[in-house]
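Visitor: Input sequences plus hints: build the corresponding full structure.
Single-letter residue listing:
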Amino acid sequence: MSLAREPAGPPRRDLPYRLFGRARGVAPGAHRAVGSGANGAFLRHVSLLELPDARRIDMRASLLDPLGGVKVRRFERRARIDVFVVLDLSGSMAFGRSHRDDDPVADLCAAIAHAAIRGQDRFGLIAAGPTPRADFVIRATRRRGVPDEVWTRLRAEAGAGRGVGGLLRSIEELPTRRSLVFVVSDFLMPPEALDGLLGQLWRHDVVPVVVRSSAVESRLPRFGLIETRDLETGRRRLVLMRRSLRERWLAEARARRAALDLVFRSYGRPGFDLVDRFDGDAFADFLLSGGV
Amino acid sequence: MTALSALGVDLPWVLLLLPLALLPVLVSPLRLSSAPADEVVPRDPLSSAIGAAIIAAGALAIASLIFGLAGFHLREQSIERRGSGANIVLLIDRSSSMDSTFADRLPDGAEESKSAAARRLLTDFASRRPADRVAVAAFSTSPMPIVPMTDEHEAVRAAIAAIDHPGLAKTDVGRGLLLAFSMFDASSSESSRAVVLVSDGAAVIDRRVQDALRDAAARSPVSLYWLFLRTEGAKGIYDAPASGEEDSPFSNPERHLNIFLKSLGLPYRAFEANSAAQVSDAIREIDQLEQRPTFYKETIPKRDLSPWCFGLAAFAIALLLAAKLSERRLDEDVAPAGAARAQS
Numbered sequence: 001m002s003l004a005r006e007p008a009g010p011p012r013r014d015l016p017y018r019l020f021g022r023a024r025g026v027a028p029g030a031h032r033a034v035g036s037g038a039n040g041a042f043l044r045h046v047s048l049l050e051l052p053d054a055r056r057i058d059m060r061a062s063l064l065d066p067l068g069g070v071k072v073r074r075f076e077r078r079a080r081i082d083v084f085v086v087l088d089l090s091g092s093m094a095f096g097r098s099h100r101d102d103d104p105v106a107d108l109c110a111a112i113a114h115a116a117i118r119g120q121d122r123f124g125l126i127a128a129g130p131t132p133r134a135d136f137v138i139r140a141t142r143r144r145g146v147p148d149e150v151w152t153r154l155r156a157e158a159g160a161g162r163g164v165g166g167l168l169r170s171i172e173e174l175p176t177r178r179s180l181v182f183v184v185s186d187f188l189m190p191p192e193a194l195d196g197l198l199g200q201l202w203r204h205d206v207v208p209v210v211v212r213s214s215a216v217e218s219r220l221p222r223f224g225l226i227e228t229r230d231l232e233t234g235r236r237r238l239v240l241m242r243r244s245l246r247e248r249w250l251a252e253a254r255a256r257r258a259a260l261d262l263v264f265r266s267y268g269r270p271g272f273d274l275v276d277r278f279d280g281d282a283f284a285d286f287l288l289s290g291g292v
Numbered sequence: 001m002t003a004l005s006a007l008g009v010d011l012p013w014v015l016l017l018l019p020l021a022l023l024p025v026l027v028s029p030l031r032l033s034s035a036p037a038d039e040v041v042p043r044d045p046l047s048s049a050i051g052a053a054i055i056a057a058g059a060l061a062i063a064s065l066i067f068g069l070a071g072f073h074l075r076e077q078s079i080e081r082r083g084s085g086a087n088i089v090l091l092i093d094r095s096s097s098m099d100s101t102f103a104d105r106l107p108d109g110a111e112e113s114k115s116a117a118a119r120r121l122l123t124d125f126a127s128r129r130p131a132d133r134v135a136v137a138a139f140s141t142s143p144m145p146i147v148p149m150t151d152e153h154e155a156v157r158a159a160i161a162a163i164d165h166p167g168l169a170k171t172d173v174g175r176g177l178l179l180a181f182s183m184f185d186a187s188s189s190e191s192s193r194a195v196v197l198v199s200d201g202a203a204v205i206d207r208r209v210q211d212a213l214r215d216a217a218a219r220s221p222v223s224l225y226w227l228f229l230r231t232e233g234a235k236g237i238y239d240a241p242a243s244g245e246e247d248s249p250f251s252n253p254e255r256h257l258n259i260f261l262k263s264l265g266l267p268y269r270a271f272e273a274n275s276a277a278q279v280s281d282a283i284r285e286i287d288q289l290e291q292r293p294t295f296y297k298e299t300i301p302k303r304d305l306s307p308w309c310f311g312l313a314a315f316a317i318a319l320l321l322a323a324k325l326s327e328r329r330l331d332e333d334v335a336p337a338g339a340a341r342a343q344s
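Chain order of the listed sequences is A and B. Just so you know, full-length UniProt numbering puts 147 at position 147 of the first sequence, and the rest follows in order with no gaps. Just so you know, full-length UniProt numbering puts 303 at position 303 of the second sequence, and the rest follows in order with no gaps.
No lab work stands behind these hints: they were computed from the structure. It is possible that some hints are incorrect.
As the list claims (entries may be wrong) - Footprint (simulated), chain B over chain A, 3 or more residues, beta carbon under 8 Å:
#1 215-221
#2 235-249
Unchecked claim - From the derived model, a few chain A residues whose C-beta atoms are all more than 12 Å from chain B:
#3 Pro11
#4 Leu43
#5 Arg169
#6 Ser289
Glycine included, every Cβ here is placed at the ideal spot set by N, Cα and C.
Guide: Here you go:
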């Protein structure tokens with residue numbers, strides 16, 4: 001086996017993602033779609049006059065019809081969908097993931113790409129920070145090498161710059177057809193930017209993935225002077241970590257997360273917490289339960 | 001004199017380094033931890049105050065080190081004081097006759113020499129009058145200025161202490177007085193001036209010196225006191241010569257010196273003392289006469305402030321060290337898998 005064929009990153013698994021509502025589109029796939037098809041899960045009966053398909057006449061239903069009509073079975077159509085990852089590459093996203101082998105963001109995106117292509121869907125990626133990044137746009141594709149490519153490139157790209165203006169502009173490149181969109185960001189952005197981002201994605205099924213780090217949320221030092229540098233603005237802040245401040249810090253982190261969830265729910269579904277490392281099982285659980 | 005001009009530095013060019021004190025604004029002594037965003041860190045007034053204090057301590061440390069290196073000091077200052085006293089020139093006879101006692105014998109344990117008595121009593125006199133400005137001059141063969149007009153009583157005391165060293169032969173009063181008159185400086189013009197001549201004999205004053213003395217007396221009015229230490233058997237100031245005896249400055253120099261000094265037109269007193277007790281009485285009298293308001297300057301020597309600067313720098317650096325020792329960082333490395341799962 002040559003090196004090029006070895007998968008990059010950790011082993012991947014299928015993910016039970018679903019599109020909320022019915023998919024549109026003509027290409028066959030695994031998702032329940034609008035309209036009826038020839039096989040699959042039973043949908044309803046229609047009159048033979050309506051659909052002259054003699055191969056799918058349901059004898060039992062026809063005999064039971066008091067009006068003597070001939071019934072033809074209709075089935076659900078199943079279509080493929082496009083799965084997109086919209087990735088925030090602003091400076092704040094660089095926190096805690098500089099060239100790590102288990103970069104959670106790269107792992108997550110590669111896992112989604114892998115699952116999408118395995119599930120007969122197409123995968124696409126839009127990643128941008130303050131400026132649109134043409135080199136980080138992958139149009140919806142079913143190319144087999146995409147997961148490895150995504151993993152390799154995202155691992156090398158930490159993110160830089162301030163704000164998500166470029167990302168908001170790049171989102172326009174998403175297809176107009178309803179797709180499943182994973183928005184991967186730390187969502188440390190002003191409320192207007194968050195509203196703008198989610199509002200622009202109104203036509204899609206949005207799954208927010210909140211990238212967090214326990215280093216700034218739970219594994220805080222108990223006491224001491226900490227000088228922080230904002231990865232986006234470069235501003236320095238000095239804090240004297242102590243009991244009361246630590247409690248306030250944690251309370252603020254919880255409040256921020258709760259406020260985010262409130263926004264997410266108003267746009268569809270709650271977010272998934274990607275804390276420190278990507279846990280495929282937890283993500284699968286989240287997708288199955290819808291985050292509830 | 002303003003407070004600022006009282007301060008000085010030895011090496012002004014070192015102060016060119018002062019802009020370095022702004023460095024702490026740009027660079028922090030602590031290692032920075034990256035934080036994804038400012039919103040993550042709660043606002044905390046105490047922390048902001050500590051941040052400002054660390055910057056201030058850094059700037060203070062650098063600035064005070066630079067000031068210390070530049071040799072920061074408080075300049076020598078003189079403070080004008082007002083007291084009651086006089087500007088006094090002590091003009092002391094250093095002729096060898098001063099080294100014998102009032103009884104004209106070599107001093108033994110029982111009786112002190114004239115110069116020792118004069119020394120003792122003048123030392124008392126000077127230390128009783130802290131507000132005086134005193135100059136000391138001596139004369140024998142020629143006049144010797146010893147200490148110029150000064151407030152430094154240490155120096156005066158030392159000068160007086162030196163007068164009982166063995167003296168020289170002659171007694172040149174006239175030039176001694178000329179020297180004494182010239183020792184008053186401009187700053188003494190508003191207060192009282194006195195010349196205290198201490199001698200145990202007199203000599204003929206040259207006519208030219210007499211003219212110069214009259215001239216000097218007219219220019220600078222001073223009070224003149226002559227403390228005549230009369231040796232037993234010697235001629236006194238007031239002794240008129242017996243009839244038939246020659247009355248000339250050569251035969252009766254003391255009497256003629258007295259007459260000459262009177263003729264100068266100055267406030268003049270002569271004291272004739274036959275013993276140490278009388279000397280002390282005379283000095284007390286001078287003491288009482290010369291009590292007029294006087295202004296004198298007290299000099300405070302230059303004070304080196306660089307130890308304070310270095311102390312301040314050490315204090316600031318200790319603060320920074322304390323800050324550095326309590327430094328912590330946000331731990332960007334990921335905890336082991338189990339811990340992460342437990343937290344998520």
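Visitor: Hint by hint, note whether the structure agrees.
Guide: Against the structure, the hints:
Counting residues of the stretch 215-221 of chain A whose beta-carbon sits less than 8 Å from any beta-carbon of chain B gives 6, enough to reach three: the coverage restraint holds. Taking a C-beta to C-beta cut-off of 8 Å, the stretch 235-249 of chain A contributes 10 residues in contact with chain B, enough for the three needed, and the coverage statement holds. No beta-carbon of chain B is positioned within 12 Å of the beta-carbon of proline 11 of chain A; the least distance is around 15 Å. Distance check on leucine 43 of chain A: its Cβ is at least 40 Å (rounded) from any Cβ of chain B, clearing the 12 Å threshold; non-interface status holds.
Remark: the non-interface label on arginine 169 of chain A is consistent with the geometry, its nearest Cβ contact in chain B lying 21 Å away (cut-off 12 Å). Even its closest Cβ contact with chain B, about 15 Å, leaves serine 289 of chain A beyond 12 Å, as expected for a residue assigned away from the interface.
Taken one by one, the earlier hints all hold for this structure without exception.
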